[in-house]
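Chemist: All residue numbers in the sequence shown are consecutive under the UniProt record's numbering, ending with 100.
Calculated directly from the structure, the hints in this document are not laboratory data.
A hint or two may mislead.
Said to hold, decoys possible - Pair ranges (Cβ atoms, derived):
| id | residue 1 | residue 2 | range |
| --- | --- | --- | --- |
| 1 | Thr-18 | Gln-85 | 28 to 38 angstroms |
| 2 | Pro-11 | Arg-31 | 14 to 24 angstroms |
| 3 | Pro-27 | Ile-96 | 17 to 27 angstroms |
Backbone N, C-alpha and C fix where the C-beta goes; we use that ideal spot for every residue, glycine too.
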Amino acid sequence: MTFRRVGDGRPYPDHGLTQQDWAAIAPTQVRLDDLTTTKKTLDLETLLDSDSTYFGDLFAHVVGWKGELFLEDGLHRALRAALQQRTMVHARVHTIGKNT
């Protein structure tokens with residue numbers, strides 16, 4: 001299994017982080033099979049585009065909420081990692097509230 005679960009939407013409350021706020025969070029490695037996606041579909045053209053991260057953050061954005069890790073941004077990066085048979089992805093992780 002590549003991901004813990006495939007979700008559809010963000011079940012957690014709005015965190016209000018800007019791109020600058022995300023950039024201030026140090027990246028860490030996250031296991032792909034610990035992540036729940038927030039998108040059910042992806043654009044194959046974006047997945048295969050070698051420049052798809054050129055204008056965005058180089059690291060995926062992950063939100064921790066209620067003990068679960070949600071892949072908010074970076075689905076294409078995570079899938080590329082999985083296709084390369086890697087089990088980890090570098091991500092910036094922001095936790096909302098307590099992980100209970």
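Chemist: Taking the hints in turn, state whether each one holds.
Modeler: To see whether the hints hold, each was checked on the structure:
In this structure, Thr-18 and Gln-85 meet the distance hint of 28 to 38 angstroms, their C-beta atoms being roughly 34 angstroms apart. Take Pro-11 and Arg-31: their Cβ atoms lie about 20 angstroms apart, and the range 14 to 24 angstroms holds. A hinted range of 17 to 27 angstroms holds for the C-beta pair Pro-27 and Ile-96, which are about 18 angstroms apart.
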